[in-house]
Every structure is written in structure tokens, then in C-alpha cells.
Amino acid sequence: MMPEQPQEHKILFTGTMGAGKTTAISAVSGIKMVKTEAANTDRALFNKATTTVGFDYGEVGLDGGHVLRLYGTPGQERFSFLWKIVARGAIGVIILVDNSRPDPFQDLALYLDNFKQFVAIGGVVIAVGRTESHQWPSVSDYCAYLEARDLMLPVFAVDVRQSEDVLMVLDVLFNMLEVSDAESA
Amino acid sequence: MRDLYISHVGLSDADLKRFKAVMIAIVSNRDVEARWCMGEATTANLVLVSPDSELTQQFIADPTRKPGQIIAAILGESDSVAFECEKLAWPLRLPGLIDLLKRVEQRIGSADGKTAPESPGISADNKLVQFAQLLRETTPGHKPTWCVSGLSERPVYVSLQDKTFIFEDSLLNLLQVDPNAALELQPISEDQLPEQGQRKPIRMLQWLIGLRSGRMGPLPWVKMDSTFRLRQFPEFQLLHHSSEHRRIAASLSRPRSGIQAIVDASELNAATVVGFLNAASLCGYLKISDAGVPVTAAVKKPSAGSRRGLFQVFRRALGIASNDA
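These protein sequence lines map, in sequence, to chains A and B. Start counting the first sequence at 1; every next residue gets the next number (my numbering). Start counting the second sequence at 1001; every next residue gets the next number (my numbering).
FYI, nobody ran anything at the bench for these hints, they're computed from the structure. Cβ coordinates follow ideal geometry from the N, Cα and C atoms, glycine included. Check the hints yourself; a few may be wrong.
What the hints assert, rightly or not - Now the stretches of chain A that chain B is said to cover, found in silico as 3 or more residues with beta-carbon under 8 Å:
| no. | segment |
| --- | --- |
| 1 | 82-89 |
| 2 | 147-155 |
Stated by the list, open to error - Computed footprint of chain B on chain A; a stretch qualifies when at least three of its residues, placed anywhere within it, have a C-beta under 8 Å from a C-beta of chain B:
| no. | segment |
| --- | --- |
| 3 | 60-70 |
| 4 | 130-143 |
| 5 | 170-183 |
To be verified - Pulled from the structure, derived: some chain B residues nowhere near chain A, Cβ distances all over 12 Å:
| no. | residue |
| --- | --- |
| 6 | E1033 |
| 7 | A1061 |
| 8 | R1065 |
| 9 | G1076 |
| 10 | D1079 |
| 11 | A1089 |
| 12 | W1090 |
| 13 | G1096 |
| 14 | L1172 |
| 15 | A1182 |
| 16 | G1197 |
| 17 | R1246 |
One chain only, chain B, in its complex shape (with noise of 0.2 Å):
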């Protein structure tokens, strides 16, 4: 399955919480082919705008905007558009999304993003990344406990000295976040955490920070060239995952030099490596090393003895879920 970035400029308010919303139903529903996720207006496949705002006519013309980039924009009745784009009918719809998306799938082919990141990675200016740099915390003393605005409609509580979290909303919301979102981070007391809230393990939302991080690149600790094994399997029952992450996990249980290697000895593409890295990082699952390490070759393709057609045969009668065709 190939990663495809959408993002947006320009809408109102209400509009950017519907486009949010009917996002989150088409990923949840497996709607699409590919798995779409929220990227940088600048880089995305495709971006969604309003007609009208000034925002989008500077957007239009910033030249250092994705080749091949496709622009949707959402239209009223009487609203019309003086750039080549797809239109959307407004208010956002559904099927009108779930139609679109298919249709820049098809348009944009089978690029399969099996080469790893060439950028050394996301700044360390982004808010994401200083949040996913406050979950690693690991100094000893005491450490504060935080208020995260802007992750979702509702504020993420995270205690890092009892290791847990308090966020009353759906986890997989955090797998949408804007990666350009304006996040707050707010030292608060102890006695300030919701009185109600479940207080849920770190790990949960270190891992969900990490794999939603991974569409952006590699975090600032998670070099290109370092050399990468497991400490820890991750707690596959407690996270959410998927067959790849397995497979990734797998793959790790021996040293591995560099992103490439892992992305090559496992198949997968680049960005769901990036993102196991980040969050099995974050977790605290993951070893890495600079230099010096003793590690197995990556191969590129499986063995003619490879037993993965038996194993896949073993999957469907058992019931379990795989990605493979």
C-alpha cells in the first residue's frame, strides 16, 4: 500500500474541522486504496483550497510547490476559480472526498516510495518534533507534567513522572495531526489533570506521535546511516499497529545499517519505516548506534526458499490481517 500526502490552504475554520472529520472516516473505513496522510502544503499530492482566500492565490504561485501537484478547490454554487484545478462541491461531502482521492490515485500511478528519505530528517524547529523530544525526556529527577494544546480539538495531559497520559478523545485522532499545527505546550500541576480522565501508559501515545511523525522523516536522534536492533519487541497488544509493523519488527531483531537496509529487508515503504523507527524510538524499544556495529546485509528480494506464500497460507486460515497481495 503507498503513502499519499494531502494537506490544505486556505479554508475556513468550519471547513478545515469538516475536511478533518471526513478524513478521519475514509482512513477508519479504508475507503481508498492508498493510505493518505496529512502533509505539507508544499510537498503534498494533493491540497485542498478555498477560491477566494489570499492565502491560496500565494499558494498557487509559490514556485517551489510539488511538480505534478494536483489542487482541489472547494466551490459553492456561485463560487468559480481562475487556476486549473479539480473541484469539489461545497460543504465538503463524503463521497465527493472518497472520488477525488480515487481519481489522483489512478492519475498519480504506481510510484511505490521504496527509497528512504534523502533529507536528513524533520527540524528540530517543528513543533511535533519538540513534543516528540518532551516524550523522550529520560534525565533522572523530578519531571514536569504538561498540557499539549492543538494535537486535537481536546488537550492532551502528560504525566512524565508517573509515565502516562490523559486524552478523552479517540487515540487515532492523533494519527491525523497537521503536521503544520500551532501545538502549545504547557507546564501544569499535578492538580491540574482532568479529575475524570483515564489515565492511559506513555508509551500508547509515544508510539502514535512516532508513527505519525514518520510521514514527515526521520526524527533529529534517528540518522540516516545509524546503525538499527531492537532492545524490545514493541507491545503489540497494547499499540495500535498494523501486519507491516510486525514484519518491520521482525526485520530489526537483527542490527541494520542504515534506513535503506530496513526498508529493503523488510519491503515496506520508506515513510511506514520511518514512522516504526520514530515511534519504537520514542518508546525506548529501539537500539541505535552510530558506528562499529556487526550487521547482516540487507537482501533485496526473498530467497527462492522463502516460505512466505506457506506463511501467507497460514495467515488467511488463521485469520490474520496481512498486507501482502
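Chain A extracted, bound-state conformation (with noise of 0.2 Å):
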């Protein structure tokens, strides 16, 4: 008898640049992370060393030698074209909004623009960082964005060092798409 084929399943960890993708991916992997950083050569926009060029990239193990990758899309807009290449074969998304940025309803709007067939099977949980210190927008706020462009997406402020609170958003992307699955039914 052929022995199965170990099957690959895909998430998505995106959002702008420093909004904590790689951090995400790291409290929850179960191998050591595979990050591909160079020199930031933005540092006037963004304070960070390094930054992500190609995409983040960590695996959790499952029964049967399957494996659930995660992949972190690179965060500069210039880097958007990989971004429908990683999100080929993805079962769901998790957007990363950094609160302390000057304008994260824009950066929000980038990434529902660009995940927009994720938004529509409810395939989106959006993660909020950096809300101890910059508390505009509140989530509430976040939550009356999106029901002014007529969608209901589940909006958390998270701290992505925690992997509780990765692992929260995980389950609620899970629990999102099990209603979307009986929904389509």
C-alpha cells in the first residue's frame, strides 16, 4: 500500500514593516525559524536593523509527519508582488497593524485591498501591536472602520512576544473559517 502523502497546510502572517510578523511566527513555531533579513536601508521611516527581504518562514509539526507552515509576507509595499505569490494555497491570514504608525487605518486598507479573497470567506483575524503605548485607535475604533466598509472581522490588541495571544488569534482564524466552511455548505 502507497504510504500517504504528508499534506502541507499554509497561514499568513503579514502587515507593514516592524509590525511583528517575524516575533508572531516565532512564539509559535515549533522549528527554529528560517528569517531572511538584510540591512534596513529605510531607517529614516523605520528604526529597525534589519528588516524582512524575502519572507519569514517557521512550521508546526502535526500527526502524521503533515506539517502547517506559517509564512511572514515581506512588509515593504515594494515587496507586494511576493505577496499574492506566498498567499497561493494559504487556508487564512493574519494581518499585523503596528498602532504606533502614523496612519494604520491606511496600512489596514492595504492589506484587506490586497487579501481581499481572504476578507471575503471571513479567512482574516486582525492583530493590533503597540496599543500599551499608542492607544488611538482603540479596537472599537478599528471595529467601526470596518463596519463602515460593511465588514465584521475579528480585531484583538495583541502583544506578538506572547504566544498566548498568537495562539488566540490562531484559534480564532481556526473558528472563523469552521462557520465559513458550514456557512458554504
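Mind docking these for me? Both chains are given alone in their own frames, and the hints should help you get the complex.
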């Protein structure tokens, strides 16, 4: 009898540079993360020494040799051509928003537009970071913004350094996808 | 996991205190299969009684008691009892009560509570409901500060103006509040608040009171046939919650017509759904409308294409707790 082929499943972490994609994947990855970083040449705009130039990769081993792959997209918009490529075959997207940026709503809009196929099936969860130091917009402001766009998506204030926050976000994503599966039956 | 209800009649203050402490330990340690909650005596599945109390005799003779209800008498060595009942040795001890709860679970069988409550909701006269109404108060202007006694051994201080509360005990005790508790709601001034007490966001209190009241039924403003939808997901990092609450929240990302539709969509126990709705309404997460909102039809069973099994595999691998078998 032929052995069952290992199955692979993919979840994306996306968001602006510095939003915490690399940190979020590290918090839950079962393997040492593969990071594709280079020196950041945009220090005037983003005070980070390095930035992701390919995509971050982590994985979680599943029963039977199957794998859940976690991909972090490069944050800078000039790498957006990679987003569609990485998104192929993904089951859902976590959008990380940095609340310390000048216009977080504009940032969010960019990712909602670029990942609209996931928005349409409810396969998106929005995780807002740095809310302790930057209280505006609040989570309810984000929800009001989404409602104005006729959307209802889960929004949480998170600290991606805390694995329980990242796991909570992932679990909510799974629940949203289960609801979507049931509705599309 | 099904919900079963326990209550008490005629117990002395000392026995009641011991009973509550033992129940908190059982619930915290998950020593039994069902989720046991404090209920009203006439409708509870199991009622603990003191054999020599007049209240017990009146209760035993009450024709409105739930059919099939199990009575357990707490008996000292020389005590006897004239009615048919289970027996628990006095003083009440943890192993004895765990054994009793397990026997009751087996006797009651597999009632799954998957039908939304038929009653219109908890009476507005109920003190817990009045407290919930107070927590929901949103009229503009200065809001008072309250000292609430009777929820637990220690009072709860609520500052509606600041949207904070002070409670110097375990918050989980609030999930075991006796629905018959004689609560006292006393307005106080801000300078009467305890100096040392840590102020917590009022949403934590609203949430717990909402969950607790769910065992009794929908709060008066949560109507059986309203349309429900979340305006915001609950702040799960802050609030005591279970994996079931996340599932209910996901099902409420779309409008649902009536409580039964949510029970069907989430495939969960009605009391759990009602508790969530009560809690979410108190915290302001829930949009409730009466009619005319387009809704998604509820689906009673997962489709053949459902990936629930796959997501359970993900959860296990990630170490995310789930109540699914």
C-alpha cells in the first residue's frame, strides 16, 4: 500500500515593516525560524536594523508527518508582488497592524485590499500591536472602521511576544474558517 | 460538556460555606465530567439538604420541584432521614461530593441541553439581574459608585464613572454566585472605596456576571427572537473564557436570528450560548436588533467539506485547548 503523502497547510502573517510578523511566527513555530533579513536602508522611516526581504518561515509539525507552514510576508510595499505568490494555497491570513504608525487605518486598508479573497471568506484576523504605548485607534475604532466598509472581522490588541496571544489569534482564525465552511455548505 | 445544576436547602451557614468551597475546588480542578453550576432549588438536578431543617421538609413536600430531581442529605453519624435520598457524610468533604456528582451524572444520562430556553428570561426582580442592569447603565452624566454585598464573602466596589471595579478575592468566585443570593446594592462616595484595592476594568466584572446569569436564562434585554451580531470580538486576553466562547464569537460574526440559531450554528449547549450573549451584551460587544436585519440561515450540522477535524489537528499541535472530543 502506498504511504500517504504528507499534507501541507499554510497560514500567512502579513503587515507593515515592524508590525511583528517575525516575532509572531517565532512565538509559535515548532522549529527554529528561517529569517530572510538584510540591513534596513529605510532607517529614516523605520527604525529597525534589519528588515525581512524574502519571507519568514516557521512550521508546526502535525500528526502523521503533515505540516502547518507559517509564512511572514515582507512588510515593505515594494515587495507586494511577493504577497500574491505567498498567498497561493493559504487557508487564512493574520494581519498585524502597528498602532504606533502615523495612519494605521491606511495600513490596514492596504492589506484588506491585497488579501480580499481571504476577507470574503472570513479567513482574516486583525492583530493590533503597540496599543499600550499608542491607545488610538482603539480596538472599537478599528471595528467601526471595518463596519463602515461593511466588514465584520475579529480585531484584537495583542503582544506578539506572548505566545498565548498569537495562539488565541490563530484559534479565532480556525473558528472563523469553520463557520465559513458551514455557511458555504 | 453538558450543564447540570446543584442547589441547597436548609444548610447551616457553616455547611453552606463548606459546600461552596468544595464546589469551587471541584469546578477549578475539573474533577467531574459535567459543568456543575449553582441553580435554583426547585429546578436544580441535585439539591443538598439538611435533614432536620423545617425548610427541608417544606421543600420535599413542594409539588413544583423538578421531576426526577435528586436530593442528597448531609448526615451526621446519629442522623436519620425519613425521605428517599442520597446520603453524604457530615461534614461535607471533597471526595464524598465528587463521588455523588459522578453518580448523579450517570443517573441523569445524556441530556445535552441543545435547545434554547423556552422561558422568556430571568425575572427583572432577581437581584443579580438588577445588578446586571446597573452594570449596563450608559446614560450620560455623573454615574454613582456602588458597594455590592452578597456576591461573595467580600464586597465588590463598582465605579461606573471610571469604568473600574475593586474585588479583593478570586474573580472565579463570581462564577459561582448563588442566583438566590440576597444582594445589597449600596451607593457610596468615591472616598469610601478601599485605598489598597487594585482597580480592574469593569468589563471583567460585566463579563463574569453575564456568564453567571446565563445559567438562569437570557437577561431581560436579550430576547429569544432578536437578531444578534457582534460589533466587536470579546477581549479574550483580558476575560475569563473557554474555547466554546471563541466558537460562539465566530458564529456571531454574521447576524443570527434568534438564540436557537446561535445554538445550532455553534453546536453548543444553550446555557453556554445564553451566558455568552448576556456577557457580551453587558460589555457592549453585542448588537441586538429586533427585526428586519438580513440574516444567515443557521446550519445544523457541519458540511461534508468542513475542516473542523483538520483544525482540531492544528489545535492539538499548537497546544490550544478545545472542548471537542
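Hints the structure violates: just list their numbers, smallest first.
1, 17
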